[in-house]
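Asker: As a plain string of letters, each chain reads:
There are 2 protein chains.
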Amino acid sequence: MTKQRELILSILKQSDRHLTADEIFFLAKLKMPSIAMATIYNNLNAMNEAGVINRLHIDGVADCFDKITEPHDHLLCDRCGKITDIRLPALSGDLERALGTEIEDYELTVHYVCPDCRHNTKRR
Amino acid sequence: MTKQRELILSILKQSDRHLTADEIFFLAKLKMPSIAMATIYNNLNAMNEAGVINRLHIDGVADCFDKITEPHDHLLCDRCGKITDIRLPALSGDLERALGTEIEDYELTVHYVCPDCRHNTKRR
DNA sequence: TAATAGAATTAGAATCATTCTTATAGATCG
DNA sequence: CGATCTATAAGAATGATTCTAATTCTATTA
Numbered sequence: 008m009t010k011q012r013e014l015i016l017s018i019l020k021q022s023d024r025h026l027t028a029d030e031i032f033f034l035a036k037l038k039m040p041s042i043a044m045a046t047i048y049n050n051l052n053a054m055n056e057a058g059v060i061n062r063l064h065i066d067g068v069a070d071c072f073d074k075i076t077e078p079h080d081h082l083l084c085d086r087c088g089k090i091t092d093i094r095l096p097a098l099s100g101d102l103e104r105a106l107g108t109e110i111e112d113y114e115l116t117v118h119y120v121c122p123d124c125r126h127n128t129k130r131r
Numbered sequence: 008m009t010k011q012r013e014l015i016l017s018i019l020k021q022s023d024r025h026l027t028a029d030e031i032f033f034l035a036k037l038k039m040p041s042i043a044m045a046t047i048y049n050n051l052n053a054m055n056e057a058g059v060i061n062r063l064h065i066d067g068v069a070d071c072f073d074k075i076t077e078p079h080d081h082l083l084c085d086r087c088g089k090i091t092d093i094r095l096p097a098l099s100g101d102l103e104r105a106l107g108t109e110i111e112d113y114e115l116t117v118h119y120v121c122p123d124c125r126h127n128t129k130r131r
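As you go down the protein sequences, you meet chains H and E in turn. Note that the working numbering has the first sequence beginning at 8, numbered continuously upward. Note that the working numbering has the second sequence beginning at 8, numbered continuously upward.
Some hints could be false.
All copies of an identical chain are treated as equivalent in the list; a pair is satisfied when it fits inside any one copy or across any two copies.
As the list claims (entries may be wrong) - In silico lysine to any residue, SDA-like type, Cα no more than 20 Å apart, as pairs:
no. : residue 1 : residue 2
1   : Lys36     : Pro122
2   : Lys89     : Leu115
3   : Lys10     : Gly67
4   : Lys89     : Ile110
5   : Lys36     : Arg94
6   : Lys38     : Gly88
7   : Lys74     : Asp92
8   : Lys10     : Ile110
Source of the hints: derived by calculation from the structure; they are not laboratory data.
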């Protein structure tokens with residue numbers, strides 16, 4: 008656990024949003040101007056593999072990273088692009104039952120139109 | 008519907024696997040040597056947006072493309088990387104009920120260890 | 001059939017995110 | 001204190017994808 012890793016992790020913890028590597032790089036540079044992009048990725052990848060954070064891919068957008076509180080799913084508004092975390096505790100078991108096999112894990116992204124966008128009729 | 012698009016679509020239809028843009032490019036070049044990578048992407052993107060085919064992202068692998076028969080989910084073996092299509096007709100309704108909102112669509116990738124790999128104890 | 005407009009294609013340059021490489025710096029341990 | 005190990009910095013390299021400009025094809029109209 009190096010200073011750099013600590014910094015990156017604290018940035019993720021303090022954010023309530025999903026951050027791209029680039030955004031993390033920008034924020035990290037404010038506190039530690041010498042930090043390198045490679046260090047960001049090294050640490051994000053290491054923490055992702057260790058299960059400390061989560062890498063999240065959404066079509067057409069750079070990968071985002073995310074602190075892990077509990078395993079969770081994502082709700083993506085197709086109009087404004089906002090990502091909301093959701094938790095469907097029963098789903099994992101439901102999937103095992105439906106598939107008839109043990110599963111390791113799953114990734115679920117649900118597309119919808121968020122309440123804000125549903126009320127604003129104008130599309131982006 | 009140009010010759011190029013027809014060719015690309017027929018390649019996808021004839022394949023029982025998920026193909027990367029690169030694999031499609033290679034196969035298309037066999038039949039139409041002058042075809043350009045940009046044409047592959049133009050057409051894949053156009054067909055993806057039109058809902059004729061499906062773009063599929065799996066962490067650490069180039070995006071794959073896939074003919075659409077019916078909307079479907081993916082089962083990914085974490086050891087050998089094999090992707091299997093699955094269909095969980097009830098899930099969409101279940102999600103709407105669980106979330107209490109109408110949804111547009113969803114993407115689900117389930118990680119597991121396939122039967123073959125489960126029997127071969129050696130990890131990849 | 002010839003001319004023209006519009007759309008799709010080609011080729012390759014450009015871009016973006018990400019990874020790799022190499023040299024350096026920092027920490028750890030005897 | 002010196003040796004070794006690991007992580008970092010910097011920037012080059014890579015790979016997938018998109019963009020751009022020029023060209024070709026297609027359909028339409030005269």
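Asker: Pop the pair Lys10 and Ile110 into one bin, within, between, both or neither, using alpha-carbon distances up to 20 Å.
Answerer: neither (36 Å within a copy, 42 Å between copies)
Asker: Regarding Lys89 and Ile110, is the shortest C-alpha distance of 20 Å or less found within a copy, between copies, in both, or in neither?
Answerer: Result: close only across copies, 14 Å inter versus 29 Å intra.
Asker: Checking an output row: Lys74 and Asp92, CA cutoff 20 Å. Within, between, both or neither?
Answerer: within (11 Å within a copy, 30 Å between copies)
Asker: Which holds for Lys36 with Arg94 at a C-alpha limit of 20 Å: within a copy, between copies, both or neither?
Answerer: Cα proximity of Lys36 and Arg94: none, with 33 Å in one copy and 46 Å across.
Asker: Is the C-alpha distance from Lys89 to Leu115 at most 20 Å within one copy, between copies, in both cases, or in neither?
Answerer: Cα proximity of Lys89 and Leu115: in one copy and across copies (15 Å, 19 Å).
Asker: Is it within, between, both or neither when you check Lys36 against Pro122 at 20 Å Cα-Cα?
Answerer: neither (36 Å within a copy, 47 Å between copies)
Asker: If the cutoff is 20 Å on CA atoms, where do Lys38 and Gly88 land: within, between, both or neither? Let me know, please.
Answerer: Classified as neither; 29 Å inside a copy, 40 Å across copies.
Asker: Within a copy, between copies, both or neither: where do Lys10 and Gly67 come within 20 Å Cα-Cα?
Answerer: Cα proximity of Lys10 and Gly67: none, with 32 Å in one copy and 27 Å across.
Checked against the numbered hints given earlier, the structure breaks hints 1, 3, 5, 6 and 8 and satisfies all the rest.
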